[in-house]
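Chains as they are written, first to last, in our numbering: chain A, 4 to 223; chain B, 109 to 369; chain C, 14 to 229.
Take these hints with a grain of salt, some might be off.
Unchecked claim - Output of the computed footprint for chain C on chain A, the stretches with three or more beta carbons under 8 angstroms from beta carbons of chain C:
#, stretch
1, 88 to 100
2, 151 to 162
3, 182 to 190
4, 194 to 206
To be verified - Counterexamples of contact, computed for chain B against chain C with all Cβ distances above 10 angstroms:
#, residue
5, G130
6, E247
7, G302
8, M325
None of these hints come from the bench; they were simulated from the model. Beta carbons: idealized from backbone N, C-alpha and C, even for Gly.
This is what each chain is made of:
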Amino acid sequence: MIEHFARALTQWPLFLNGFFNTVWLCASTAIVSLILAMLLAVPLMSRLLTIRAASRFVVDSIRSVPFLLLAYMAYYCLPAIGISLSSWAAALITLVIYNTAYFAEILRGAWSHLPPQQEEGGRAFGFTGIRLFVHIIGPQLFIAAGPVLGNQMIQVIKDSAFLMVITIPELTFRANQVQSILFVPFETFIIAGCLYWILCNSVEWMVHRLERVAEMRRVR
Amino acid sequence: MPDDNNTGTPVLQVRSLVKSFGKLRVLDDVSITVDAGETVCIVGPSGSGKSTLLRCINLLEWPDSGEIYLRGERFGFRENDRSREVRMNDREMAHIRTRVGMVFQQFNLWPHLTAFGNITVSPIHVLKRPREEVEAEAEALLAKVGLQDKRDEYPIRLSGGQQQRVAIARALAMHPDVLLFDEPTSSLDPELVGEVLAVMKGLADEGRTMAVVTHEMVFAREAADYVVFMDGGRIVEAGTPEEFFSNPKTSRAQQFLERYR
Amino acid sequence: MVDWGMIANLAGGALTTLWISGVGIAVGVPLGLMLAMTRVSRVPVLSQAVAVFVSVMRATPVITLALFVYFGMSAMGLTLSPIVAALITLSVNTSAFHAEIWRASIMDFPQNQSEAATAFGMSRFQAFRLIVLPQAWRASLPPMVNEMTFLIKSSPAIAVIGVVDLTRTASRIAAYTYDPLPPYISAAIIYAVVVFSLVRIQRLIERMIVHRYGVL
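Extracted from the complex, chain A is given alone in its bound form:
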């Protein structure tokens, strides 16, 4: 078995390439999705029933469809209605849309648990609209929802593996590539598994650090 591992590891450039593709796909998704999610959280918390219900419906629908199916839809259906995309574009669009819905729901949950005094205090000092959100509410949401957001980040990493089916050369794709060349599937996927484990636990570690910082700053 050892020499199988050695054989698999000769393809380390492929593994590394896959690893980095996964990392930058997930990192970009995280940044873009979080920003969009903040925007989407507003209608979710709207006092107007129609806006709230409509955004609720959109978010719930996206969250009840499997990610892989959504990826297929972006890759195959969009060209059919005239939008032709590269596989990378399709991948990013799917990741962003899917996770915006999840992040928005998480932020909404945190927002609904936020004591109303926070918003009142902000308004008392003249903050309204976007400014109110950016300076007062937003930071508190992120602190409160930190662990859950971190959890979703890990989900992003795991969902990114599905993108191998639309030929995105992320980690699982590369691992599959290696095993089909070298015929050591057991060892190849164990290596991939280790890399995913490292990646996911790094995210969890970072979330822990942020939580600590948040703890120190939290008003008792």
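Following the hints, complete the assembly by docking chains B and C onto the known chain A.
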């Protein structure tokens, strides 16, 4: 009903119990004896070690030193084949624990079982008594504590006083040699205290062997056969209710009773 | 207007998804309980092994695991059909999440109830069977149903190793009709209906439990 054949042996005998939590000595050489049919009330200020004493008797806490005898049998320790003292294992302890009934301050009913279920689960599964017998007795016990119509209710739907009465019925169903009460009314709203004390007084009048830690001085005065006053981990004074309440001998007892005048 | 042939095909795929997911759940939940009990028992080697297993499973994408089971196992001499590989993948993966769910409700079990159980002479096993477990599974229902929806949403991974589930059926139809919109959108609707229903059921169960027992 406790059927005590050796009228000579006390039901419960506690000798020289010592227990510390870290640096704090909570029980400092405490000895107490409860004879058959006696009701002993243990009173004292908060932090005097009363609850710890009770929890040590049932070995929910292990004393650092001292001995506990239940009808002459050592509880918690036995002699191994080399005549050395070893702690009893969980199974041996479980067996003895069934003979000590416990009523907790927080009732501690099991929320996923009805009142009836709470009473019957232990006699059936731990004592292995036949189901029909246990169920018939459970009905009788519920009637005894005045809750026969609450038989199929879950604890969430019962008031504090009702829950505590179910807890008493639950303890009685095990046919214990002695009943321990750990501040049974301290968690109750004032209006509900009376119904629980009434049940307890009934048990005392029946001749049950009971040890009650309580703040309810009126109850202690009426129901106790003798009263033990603890302070700072020691038994400071003990005597009949008449002696203790009318004529406290020590200054600490006098100070304590001032509050209740 | 409605292509009933396509709907029938998709229904077949949906049934495959449902039965394979169902088995995955049926195996994963009790397996998770056993893992959680091992973990909580603090038996020396085993409980650490479980901790490592759970940690690894929770960090591994389902599709990667499916490929590992399907291709990796055959390299080890064990030839598995795609369906068996799919069943193993989903069961094993979900069991790790259920292990954590069980562990959470067993570990933060109110001490005062366990004390009462001890005071009434119950052995540790009796207390677990009669007092802890009945409440733990009721308290775990919401996160368990949540995990079930996750399982169904990650089940398309099995399409990649050749199982003709709902997603693969949709792909096939799209491939030979050159018209991807109807099958994919229909498949999305079917998945959405299943997930929505599960979420509804979860909320109903939650409400019923709180109504009957209070917050466990």
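* Taking the minimum C-beta separation from E247 of chain B to chain C, is that value above 10 angstroms? -> Consistent with the label, E247 of chain B stays out of reach of chain C, its closest Cβ about 19 angstroms off (over 10 angstroms).
* Asked: Three or more residues of the stretch 88 to 100 of chain A near chain C by CB distance under 8 angstroms?
  -> violated (count 0)
* Is the Cβ of M325 of chain B farther than 10 angstroms from every Cβ of chain C? -> Label holds. Min Cβ-Cβ 27 angstroms, cutoff 10 angstroms.
* Claimed coverage, the stretch 182 to 190 of chain A by chain C - three or more beta carbons nearer than 8 angstroms -> holds (count 5)
* **Verdict on chain C covering the stretch 151 to 162 of chain A, where coverage means 3 or more residues with a C-beta closer than 8 angstroms** => holds (count 4)
* With a cut-off of 8 angstroms between beta carbons, are at least three residues of the stretch 194 to 206 of chain A near chain C? -> holds (count 7)
* Per the stated criterion, does the least C-beta distance between G302 of chain B and chain C lie above 10 angstroms, as a non-interface residue requires? -> G302 of chain B is indeed farther than 10 angstroms from all Cβ atoms of chain C, at 24 angstroms.
* Since G130 of chain B was said not to touch the interface, does its Cβ keep a gap of more than 10 angstroms from each Cβ of chain C? -> holds, 19 angstroms
Hint violations for this structure: number 1 only, all remaining hints satisfied.
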